[in-house]
Amino acid sequence: MLPSVSRRTLLGTAAALLASTALPRLARAAEGGRLVVAADSEPRQLNPAIVASNGVFFIASKVVEPLAEASYEGDGLRPLLATAWEGSDDGRTITFTLREGVTWHDGTPFTSADVAFSAMEVWKPLQNIGRSLFADLEAVDTPDDHTAVFRFSKPTPLQLIANALPVVSSVLPKHLYEGTDIAANPANGALVGTGPFTWGEYRPGEYYLLKRNPAYWNAGEPHLEEIVFRVLPDRAAAASSLEAGEIQLAAFSAVPLADLARIAGVPGLEVVTKGYEALTYQLVVEINHRNEYLRNLKVRQAIAHAIDKRYVLDAIFLGYAEEATGPVPKNAPAFYTGDVTTYGFDVEKAKALLDEAGFPAGPDGVRFRLNLLPAPYFNETRQFGDYLRQALAAIGIDATIVANDSAGHQKAVYTDHAFDLAIAPTVFRGDPAISTTILVRSGIPAGVPFSNQGGYVSPALDALVDEALVTLDPAKRVELYDEFQRLVTADLPLINVADWSFTSVASDKVENIATNPRWAVSNWADVGLEE
Amino acid sequence: MTSLATCDRLTVRYPGAARPALADLTLALHAGEKLAVVGESGSGKSTLARALAGLLPVGTALSGAIRWSGPPPRPGRDIGTVFQDPGASLDPLLTVGAHLVEGLRAPLPLGRAEARARAAALLARVHIPDPERALAAWPHQFSGGQAQRIAIALAIAAGPHLLVADEATSALDVLVQAEIVALLRELCRDAGMTLLFITHDIALAGTLADRVAVLHDARLVEIGPAARLLAAPREPYTRALLAAQLDLASPRLVGTRP
Amino acid sequence: MIRELLRRPEALLGGLLLLLIAGAALLAPVLSPGDPLAIAGRPLVRPFTDPAFPLGTDGLGRDLLAGVIHGVRTSAAIGLAAALVAVLAGMLVGTAAGFAGGLVDEALMRVVDAFQIVPGFLLALAFVSVTGPSLAVVAIAIALGAWTGPARLSRSRVLALREADFVAAARVMGMHPAEIALRQVMPLALPPVLAVTAVIVAGAILTESALSFLGLGDPNAVTWGGMIAEGRNQLRSAAYLSIIPGIALVLTVISIYLVGEALTDVLAGKRQS
Amino acid sequence: MTLLDARGLAKTYPGERRIRALDDVSLSIAAGETLGLIGPSGCGKSTLARVLARLATPDAGSVRLDGLDWLALSGAGLRHARRRLQMVFQDPAAAFHPRATAGGAVADALRIHRLVPRRDRPEAAAALLRQVGLSPDLARRPVATLSGGQRQRVAIARAIAPRPRLLVLDEAVSALDASVRARVLDLLVRLQAELGLAYLFIGHDLAVVRAVSHRIAVMDAGQIIETGPAEALLSDPGSPLLRRLIAAVPALHRKDPPV
Amino acid sequence: MPRLLRRVATRLLGSIPVLVIVVVGVFLLLNSAGGDAVDAYLLSIGGGDAQQAEELRIRFGLDQSVTARLALTLAQLARGDLGYSVALNRPIGAVIAERLPNTLWLMGSATALSFALGSALGVLAGRRPGSAADRLLSAGSLFLYSIPNFWLGLVLSVVFAVRLRWLPVSGIETIASGKTGLARAADIAQHLVLPVSALGMIYLALFLRVMRAGMVEAWGQDYTLAARARGVAPWRITLNHAARNALLPLVTMLGLQAASMLGGSVVIESVFGIPGFGRLAQEAVAGRDGPLLMGVILVSALMVVAANLLVDLAYGALDPRVGGPR
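Protein chains in written order, with my numbering: chain D, 1 to 531; chain E, 1 to 258; chain B, 1 to 273; chain L, 1 to 259; chain X, 1 to 326.
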């Protein structure tokens, strides 16, 4: 349970203490060893302060740390480089107290100047999420080496910033980046951070090698000597490699769902479904409201009724997912409400709605035709595309699947708007303000992936989203987002089908898996490998 | 005169063929003679050569008998064969020397060096200029006549007592043809070889052979001493064949002026 | 010619197989009505366990038999279309180059060279990725890599035929060059190109399956390569998902080869006699 | 009357060795005359035939044929003029389209030069076949199924169809068996008399060339080394080559004259 | 030797216009694509805003006109510079230099294996056409020839790598093993067994068939008959005459298949997770990395040109009728 964060909550060493005593296996974690992990992609650049994405974090989070990490304990955050944070009453300043005795991998001490530099020079101007989150950040004051005061031009909810910390706050060493072209800095390729592991080697197409940081600030960690990320873009290869003992861990569902049941039975391997709670993906049917049929609410409702969510969960996600009721997943209990309009699987009702809408079936049983663009990045989105095509056929909508590769899909949907229906896997980032609202807010320029490109405009919804953005009181924010969920489910600018997360398959020799809700993209300081 | 081989009611039928290529052929080949077998295309003359040389394709039906005076001859050792197209009967990828060494060592127990020495001598025997250089050369570097000389050298390498020349001069220019005929004559004279000379040119047969056999439609039409056969053919077919043949003494078909 | 073909046991086997496959392609809507991509039942029914799904179902509960039967259509459509495009384009360019000679020939052959030195599969991969997979695009992509063979073949045939005595005879007779090209040379340049068509069809089917395997097949049609790729994720737990379409693919290709080879032999035999 | 007059023909084949196939060749043929051309293989005989038949272009030289500047013609003009000179090739199998029928091949020649109205063409073709000693029943037969002699007769019928003045016979009887050859030679001689044709008779067999030629030209290494009336030339050969050619002809020494 | 050098130089110069056609063609193809490198990049990082996209386009040089970029590309290539990969953020030359050896190993081994085995079995089949061995080998080769290589790869990897655990599942060598010298070579060899088998099998079948056909052709030639007439032993005629002549079309085939083999390795690299050219090409296309794909295709084409040149030289050495003085 994640209790809502109070604006004045002070997180201190107590939380960290709690975390360490609450995990009894930590003390037993074996020392040394090399953990070989499957990695499915090689990010173009690995700097997590510039690119806040799971693909980057997966590798980079072990080297470069954020101010705080998500946690199952306490209020949901575990201090890392910041030990405490406090917002002012007017919502215009947030004060971070920074950890002392931390050094960069090159030996330079970590100070508030690094945080100020990262915030003003990297997160705000360069980072994909920070650009909007920190748009109102005016300056970062550094009264001393271990205090950083963020000053905003508009009231900014501490709750929002705190929720975003694990994602947006990776700190870079100012002394290596200052005065350089940050995006082209060589340290982006050979990361320098404060994390439990130091950069080792990168063989493109083959592996990344990280090595133990003997001077890590949390004495006694990390336990592993080395982590090797082995590049295995092919998911079937990951499963085989696990079975053959060539790798010990495959995270992010690198093992296909369909193979999980079998692999769970392989001696020496275990399937772990925990550790991704803060990395929820939402299976969304994006709707182009420029389409004459889809502009009609009854048609959207009919489509919602035509989808058998139960079946989708069972057949496509094999049970490793949750039915979605609205734009906020159940995994975010702080914001989730079940009090929304729901659409049960009801083909007859769907047909009736379409009849009402004035789209009767033609002689061939077809009411109208649409094209359908499933995002190609996940097996599940493609399979759901196959399913949706069938489900639509059942109510007389003939959908043609248009397959593009990733870049083509991005261009077609988010730049050219050349779609009727699209299927997207969007990420819920812990706070609606930095994730799901962007899918319905109007006025977003073309070319922005995972944003409202369907041409949906609802002044009421826009006003609500904008208000929540500057609302400081957490309880009030939650209320506003409850209303947001109700509005979205009633008017269906898009249809949320399922919320899913990932699984890991690991050798049972790997210790301390899934110790936090962002485990795969956290620093793995506590992970051990049994001999 | 001893006979080297006798064909006794020899009938040969190729696999899948409707009619026999040789039918009921009885003929004796005398030791030391030069026998020419003459016939037009499809008469069976090449089949006779291949039957005697033991080169009929697998699956050929053979009835009647070929009787040899001695033990059955071994190809290459006892019988040498020369074919029509000298360009095609030499392996384009082997040097002339390699051909000769291989040809010599197949029937004879020779070392490589010994074979090579003999090879040069053989080339000289068939009047190839500069035999040492020729040994290192490739078949395509020789003219048709030269290549046929090399083929003859290969055929006589092991000193066979029978040389089968299957249309060995037909593909050659008239001038070269005359040279090759002269060479064959010389070789038979010097080595006492028996020659079976297959040709469609009855005049040529007459100038070279001791005896001439005329084949027509898979059958033997007439056989006899060359001079007699050309001068006084007994069979109408032979007569017709001769009549069609022109030489410089034949009457011209046109006048001196148009 | 048919009788000649029937005399060969391999050709007979291939012919029967091909007939069976063609039958399946033609009768697919009857044999397995409805959308083969439809979810028909429980997922992962094993083959030969449920009479409703003789070959079982896949992870989404789609009928494997329906997939295999309809996959024939995709394979056949793409194989034939790609071969048609490749052979037509190749012959057009090849004959043009052969007849025109000179600079035109030189330029056309450099284009042929360019297509020939680029790995065809790489080209197809790039083309389909960039254009977006549909049956037509896949067919064209495959043809991009396959047309150079027919082009070279028809050019060399035309060049050889141009030097043939009967062409010289036609010229001496005063025949118009266009008539020589179209009536005398073209009909003879055709058979050797047609003889390799079977190989091109088979190759196109294999290429299509490889493209589908890499996720570049038309998502609106069943393809064997796509089925294999999907089954690949369950290779250990449900190998039949990949094995069954794989076998269908192998049988189809082998039957085309068998018939094509027999045809080539017979055609060659005809030419020689 | 001179029908064909070639002056200074030259042709060199490109390539590494630049073979001079024709080196300043001049010759003339009178109407109704047979000029025999003999020489060893590779001497340039066939190149000369191809140049005269406008199948190859000479590097230099001029040809007048039947009053025309033969080498200056091109395009449609050449195609029409071609009826004056026809050619018969060595290999009768290769000289026909593999699917041609005997009648069709002859009819084609008639069609091209629009000599006979369309509906009369089969009749005319049959007549031509008869003229070369073939049964008109063969008209529908594919040429490929005919014997070598029959094929060469069809080739001759096709060649005389446009009523030419000159036939170039390039080794036209060399591939035939002796008995067939003799009959084809008879045919050629008869047609010459009937149609007033002139022949350029190219061969490598001196006995054959001598039998049918009024005059003989001897060619060696791209040059014509001597020319003269057949009998006179053979009885008094001027060149060593001709002497060797004469010597190479096997004599039959037959007693009784041939039938 | 200058003669040889001149031939090599002529061939290479002659291929320049062809390579230019390739470059322009690939460039235009990629430009007709939906989505560019920025789209691909933004997707990979989970999104960004419109202004960021603009900035990135300028940074990647995608703001210039098509013709300007084509001219730039050609000029760059003319200097021997393959350019910079926006998707991988590294110089393309370096990337290619890294991947090339893996693909060369894969292709080279597959070629060697299929050529050696294919020709040997082809001799066996063509030794006596129509014999039981011939029928068996011919049917077997036809079967192999019909198997899609990726499918074969899957089956092989399940059986030998996953089930039996005899061989590694994927990769080109044990990662970060620190092995050097012979140990590393052995490691790589072990990793190559399955992919090479999967890739080489179809060519083995092809080479077997070509070899057999060449043998059959040779048996119809006078020189084999003449060798028989000379009493040369049958095995000697088979090897020294028939097989040697049949090898010529096989060598030609080797050159013709170079491009196809490179294409086949794309799929095999994907099946066996080998970081080679094929995978690089896929990454380039996915990342809309025009220059990278151009580099891959251009270097592939150069490899094919080189392979054909080698084949030509080999042919010249094998066949005295070409190349040597006539």
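These are computed hints drawn from the structure, not numbers from a lab.
Just so you know, these numbers come straight off a predicted model, no measurement behind them.
Treat the hints with care, since some could be wrong.
Far from chain X by the CB rule (all over 12 angstroms, computed), these chain B residues [what the hints assert, rightly or not]:
| no. | residue |
| --- | --- |
| 1 | Leu-19 |
| 2 | Gly-102 |
| 3 | Gly-203 |
Under the rule of at most 27 angstroms between Cα atoms (straight-line distance), these lysine-lysine pairs were calculated in the BS3-like manner [as the list claims (entries may be wrong)]:
| no. | chain 1 | residue 1 | chain 2 | residue 2 |
| --- | --- | --- | --- | --- |
| 4 | X | Lys-179 | D | Lys-211 |
| 5 | D | Lys-476 | D | Lys-154 |
| 6 | D | Lys-349 | X | Lys-179 |
Glycine included, each C-beta is placed from N, C-alpha and C at the ideal position.
Do the hints match the structure? See the list:
1. Separation of Leu-19/B from chain X is adequate, the least Cβ-Cβ distance of about 17 angstroms exceeding the 12 angstroms criterion.
2. With 12 angstroms as the threshold on Cβ separation, the claim that Gly-102/B sits away from chain X holds: the shortest Cβ distance comes to roughly 16 angstroms.
3. Look at Gly-203/B: its CB is around 9 angstroms from the nearest CB on chain X, not clear of 12 angstroms, so calling it non-interface is violated.
4. For the hint linking Lys-179/X to Lys-211/D, the alpha-carbon distance of about 18 angstroms falls within 27 angstroms, and the restraint holds.
5. Between Lys-476/D and Lys-154/D the alpha-carbon distance is near 17 angstroms, which keeps this suggested pair within the 27 angstroms criterion.
6. The suggested pairing of Lys-349/D with Lys-179/X is violated, with an alpha-carbon distance near 66 angstroms, which exceeds 27 angstroms.
When held up to the earlier numbered hints, the structure conflicts with 3, 6 and fits the remainder.
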